[in-house]
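Top line first, the protein sequences correspond to chains E, D, C and R. Quick note on this note's numbering: the first sequence kicks off at 2 and runs consecutively. Quick note on this note's numbering: the second sequence kicks off at 241 and runs consecutively. Quick note on this note's numbering: the third sequence kicks off at 4 and runs consecutively. Quick note on this note's numbering: the fourth sequence kicks off at -17 and runs consecutively.
Think of the hints as simulated: they come from the structure by calculation, not from any bench. All values derive from a computational prediction rather than experimental measurement. Every residue gets a Cβ at the ideal spot worked out from N, C-alpha and C, and that includes glycine. Take these hints with a grain of salt, some might be off.
[To be verified] Taking CB as the label site, the calculated pair distances span: (1) E/Thr195 / D/Arg438: 56 to 62 Å; (2) R/Ala(-3) / E/Val470: 50 to 56 Å; (3) E/Glu50 / D/Leu258: 51 to 57 Å; (4) R/Ile46 / E/Gly189: 47 to 53 Å; (5) R/Ala(-13) / E/Gly189: 32 to 38 Å; (6) E/Gly52 / R/Ala(-3): 43 to 49 Å; (7) R/Val60 / D/Leu258: 49 to 55 Å.
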Amino acid sequence: MDAIVVLLAAPLAGAFLSIAAPRLAVVASALVCVVAFVAIGLLGAEMLELGPAIVVPGNWGVPLGIGLEADGKAVAFLAMTALVMAGVITAASVEFAPGSGRRSFGFWPLALLLWAAMNAMILSRDLFNLYVGLELLTLVAVGLVALSGKADALAAALRYMIFALIGSLLYLLGVVMIYGAHGMLDMGLLSARTPAPADGLALALMTAGLAAKTALFPFHVWLPPAHAGAPAPASALLSGLVPKASFLIALRLWSEAMPDIVRPEALVLIALLGAVAVFHGGLLALRQVRLKLIIVYSTVAQLGYLFLIFPLAGGEGAAQPWSAGAWSGVTFHAVSHALAKAAMFLAAGLYMRAVGSDELGAIRGLARSMPMTTFAFGLAALTLMGLPPSGAFTGKYMMITAALASGQWWWGVVLLGGGLLSALYLYRPLEALFDGEGPAEIIRPRRREELAPLFLAAAAILLGIFSAVPFDLIYVGRPDAAVTGL
Amino acid sequence: MSVYLPLLILLSSLVPALLTFFLPERAHGLRNGLNLGGALIKLGLITVMLVSVGRGATYDFSMQLAPGLVLALRPDALSLLFMTLSALLWFLTTIYAIAYFEGKPNQSRFFGFFSLCVAATTGLAMSGSLITFFIFFELLTLATWPLVIHQQNRASLAAGRVYLAYALPASAALLIAILWLESVTGPILFSTPAPLDRLDDTSLRIIFALFIAGMGVKAGLIPLHGWLPVAMAAPAPVSALLHAVAVVKAGAFGIARITIDVFGIDRVEALGVGTPLAVLASATILWGSIRALQQDEIKKRLAFSTVSQVSYIVLGVALAGPFAVIGGLAHLVHQGLMKITLFFCAGIFAERAGVKKIEGLNGLGRIMPWTSVAFSLGALGMIGLPPLAGFVSKVYLGVGALQSGSAWALAVLAASTLLNAAYFLPLLYRLWYLPPAPDAAGDEGKPGLVVPAVLTAAASLGVGLFAGSPYSPLGWATLIVTREYLP
Amino acid sequence: MTPWSGPLLPFLVLAWPLLLAVVSILPRVRDHAVRLLPLGPVPALWLAFQPLGEPTLIPDMLLGVQLGLDPARQLLLGMTATLWIIAGLAAQWGNDARRDAIYAGFWGLTLTGSLGVLLSLDVGTFYVSFAAVSLAAWFLVVEERTTTALRAGRVYIVMAFCGEVALLVGLLIGVSHAGSLEIEAVRNGLATAPNAGVAITFLVIGFGIKAGLLPLHVWLSPAHSAAPVPASAVLSGAIVKAGLVGLLVFLPNGAAGNALLLLGFAGAYGAALWGLSQTNPKAVLAYSTVSQMGLMLALIGGGARELVPYYAVHHGLSKGALFLLVGVMMATATTGARVAVLVAAGFVGASLAGMALTGGMLAKAAVKAPLSDALADAVTLTSVTTTVILTWFLWRMWQGDRPARTGSFWPLRLALPLLAGGGALAVPWLLWEEWKGLPVEAYLSLSTLTDSLLPVAAGLVAGLLLIWRPLPQVGTGDLLLLVEQPLARLAQIPPERKREPREIHLFARLAEVSGRLETRLVRWSVASAVMLALTLAVAFLTR
Amino acid sequence: MSADAYAVTGAILIALGFYGLVAAHHLLRRVVAFNVIGSGVFLHLGAYATRYGPPDPVPQALIITGIVVALSATALAVGLVVAHALASGRVALPEEAEDD
């Protein structure tokens, strides 16, 4: 209960501290990490016993006050955020060592604010509060994109910002309409509302806005330049975490707040966009010659998978036995993608620093001089390909099973085909890394910089090997129907 | 003990693998000790298990990964056949590899993945459920890739690319087959027959085809065999392991599992999919041999020979008569012993005499007698010359073919024998009967290379000579099939 | 259980020569390995004179080894062992036999196979033995390593392998029908099996290749001419008999009778006549072997199979003696001595032709008894052809190169073929009663003597005529000369075509499409239109 | 009645703003357009506040929060536009022409 408040407050406090005393930024971040892990642990333990935890700060009562609720998915996402943060903080403590200029001054507060915004969005059940979180997240993310101060990065940040602002406004418009129709904004309450004629349009507006922020095809065009232009630790946060938050809101809207007004065709439409994203992103990744661009297009593709959950566990399907598998599957997928993607960006950053470029031609043969980083990169690639024993495989396994069980085998084909395509585009950097002896002189990364991606990638793998552990947790507070499972 | 023994066996190669990754390059002694020690411990544990399974004991270790996703290790007699082979050959290959890589770079990486590969093979052998099998199957693919590209040159990278280009779509096919099946029947355990009646025959046929496509890539069934010859760019110990124990065998073993334990021999027959599979296997046997004839590189010739020989196993299983299955399963071991001998020797010829092409073999018999004798034994066994191991498999396969009414398979066996002779005998002729080139040189100074080759050659003679013994691979295969047919 | 009697003995008979073969490649022994050759068959000879005992069973070995003998095979075992001992002794001095570990090693292996074929009671052991005798003999054929020898070796190994495969197919059909690995069960099974015709065809092909059945005999004369003399002796005397034994033990009574009869007699006459076109005395002898083997095969087909071993013993010993005599002649310089060799060869040859009072006469008489009159006459007629070809052989042997000086130990060398030849002349007399059940005196009469004399005399005249006016001489291999080239061309596999590596076009093209799409999507007009469309679509698709 | 007028005005503002955000290439114009939309939305929300009898305080709280958020977003956006203009010498995104 208090853990929820701590999870919101600690990163914020850390952010303020790192502005007030920049020299202590790393220490503050590390402290936040420790606090967050403890809080998540306590929260998880509590939830396993008592079910979803709800807290309303200020004791205002829900219609007026803002509800915060931690269910299984939320804890999984909180843990994902904390893990990625821990990894990125470790790596960034070298690249953005305090006192090494404007960029490092900017990074720490932004990163911690991002954490706070993530946690807020994961825990919040109030539509307007979510809007605020969404905006905060966007602004922080834009700041991270612009961190390098180069013209390209600034242009990318602006493009991102325009998309995100349009998205926010569409979302806000939807929120306004909901409030206009029902006079309430809490998701839990909304699920029990009497449907109004405007609900459809409101949901549509919010969905379109969230899709723009999640970089769902065809609104993904802002993502590649933005994520590729940021410094590697920032990219790790941007690609691994940020889109997950808006996805989570969209998912909650469709499955928890207003599942009653959704027709199956709408679910299919969303999933179709996801499917196109999987292939479009994958094919574009295949065309890239820069490592970071390959990784970001892979993000475009991987985000597409998430949206396949809609027809598998949404709408009427939510009442079916297979939806439980789909729920857990998508959570696994999101979490392991975040871990692997962050690991991959951190590794890419090390390569880039080592040889001064991230072109495939330049990183040739680095496997020999940077074996640990390459190992981490390989493990992360494994996860993104969805191969066992990674967590992504568990996710994929459950989603495909759900697809087949529900008779919608074509989504299974998308999942498998996307996996193959990802193998195809991730193979190119892997092959380059192993090609020949590599340059003799490189800028060596520090040991803890190398350990950070390895830690993240290993976490993604361990998630697959010990996937039974988080399962009970994820199940807490699923939508009612999805209680029985495969 | 009965719960943890399978896990211990798995860990006996997994732990050395993981530890090896973090060893510094120069820690030769520690690394070698770790790997050899792991191999010995594993051999010991497997012996314990062999004895008790022979007496009818069962082992079961399972761990839930997710609802419906259970990692189950339930070694049965068939598992043990494959495990014993892999453990034994792993031990020998480790000795060989230590000698082979002496003074070469990237040893920690190599031995790490090498052990991981064996861990995957062992896990695959012990898998008690379909999904466990798949997980280890994939792990095997992934652990093998770094071995294939170990030399990090253009050829090996191309080989790695081709390898994955075949392996990954195959695993996708496999996964879809497994999930399709399990989405209807629930998790499938090898020990209990799955309720396949819930699916219609057409679906079952498609699923079977998907299974065969998925496993067939590893087993080198045509037209999915293209990666095998290319993967020859790998170092010799890898080729040896790939061809004799790990990858190729995993495919054949998988087909055996699917046919015997998932579908059941009766259902395979009822669905009418056994004969097409047998025909495919036969075509592979012949085509592989013909392609082998065209090769002038020793390793490539051996690779195509593998394509051909592994399909004997598939043929045996597909023919689905008791004798044929015994022959197929026994060949699983027999081919392993013979092929690893050949690859060991090919590696010695390449390393110690600089010979990679067939022409280079001229007269090496007198310069490198031990290697040449071992090579000759392996080759003759492959041809099916009695009393070597290959002969025994062939007899059982032949009788089995007749028993299941597929007399045509006899013609395939006959033609394949002739073709095998056609591509192996010229090699032996060169070794022993042609004068060596003026600059030919070679020495067998490294016992670490020669002794494993001689031992496996002796083993492939021994298992043929004492095939009648209940402890021979043939005896063990008979036990498996007896248990299957007379439950 | 002592090794010199009882069930262990047959196993030792086989293990001993193998052991010697292994010993002979040891470094200390290697250079003198040839000294071990005569020792190999000694236990076999011992076994041949032991009373028949219980079969030996070793279930763990191969597919369950069973060894044992019956009277016919015991007789053949005795002959085979004797011949191998003699040939092994002859190999000691032959200046053409290299003192070579490989030679000695494979000599031992071939010997083991040759004995194993006679001793085995189960199909597994039989097949292993047969393969050993058949394939290991290749090393004896190519021992000289000349171009001719290597060509002969090539032909030999190809035919031998084809034979092995045919045999395997035939045996597998038999085994699967019988459901047992015992030879007797397989033979009985083949009499009734539904697809016995196929099996028997394959068996006849497999054994026929070894036994020199027309037209599968083509390997015989190149191989015999190329091999060293002692090897030729065992090849012709013992090894080809393996095929004969195979047919005897596996073929059900009367199976493939007409085919064997026809092809057998065709070989018996045809080969004898074709041999007249050969210059090399060993090639001539090889054709004589084809002819004699043809006769024996015809006898199996014609219903005299019980007596074929009796005939085979005589042929084995005498043919071995003749080959060894060729070797002796090649090492003989003085005219007197050469005449002595020629006379010895003449005696052995006369016996082979069935000349009166020789062992051959009894052998021929014995096999003729159960035959119909027409067939008996046909057998008699072979005496003529045999005489013709052996006369020609004697001439060719006489004409052979005369060395500068006689080889060492000449008398000893001559003694060996004389021993074998003497055996050939004597053994039929000794065994007559045992095999025919009547004292030999009951058979002998003036008419039988003249009956056996006449064909020989006729043959001799014809032979002398031929020496005066020889037939055109051709190379060895008859039918082989016709098919060798086309077959070799046919067997050539075209070399692999190198293919250019292909890019994955499909993905490249798809990726291009995606790339074009991407440049459109980044435009604000498109993006906003799409966003509007999505909003409307979702709004439309919700209730 | 007046509430409806607010709502309609809000809607018009939103539409205008969206057009500007999409059609304008100059980045500052876009920032302004964003603010126009924001104003429209808040106006719209304000209109709801009076729909059911006594004025609802919640929309007011929301609007104030929203304005703060929009303000900070605008500040960041303007800052970025300036920085981008300084760094690249352009006031439009690279894929678009500046002339409008």
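Hints versus structure:
{"no.": "1", "hint": "E/Thr195 / D/Arg438: 56 to 62 Å", "result": "violated (42 Å)"}
{"no.": "2", "hint": "R/Ala(-3) / E/Val470: 50 to 56 Å", "result": "holds (51 Å)"}
{"no.": "3", "hint": "E/Glu50 / D/Leu258: 51 to 57 Å", "result": "violated (35 Å)"}
{"no.": "4", "hint": "R/Ile46 / E/Gly189: 47 to 53 Å", "result": "violated (25 Å)"}
{"no.": "5", "hint": "R/Ala(-13) / E/Gly189: 32 to 38 Å", "result": "holds (34 Å)"}
{"no.": "6", "hint": "E/Gly52 / R/Ala(-3): 43 to 49 Å", "result": "holds (45 Å)"}
{"no.": "7", "hint": "R/Val60 / D/Leu258: 49 to 55 Å", "result": "holds (54 Å)"}
Checked against the numbered hints given earlier, this structure breaks hints 1, 3 and 4; the rest are met.
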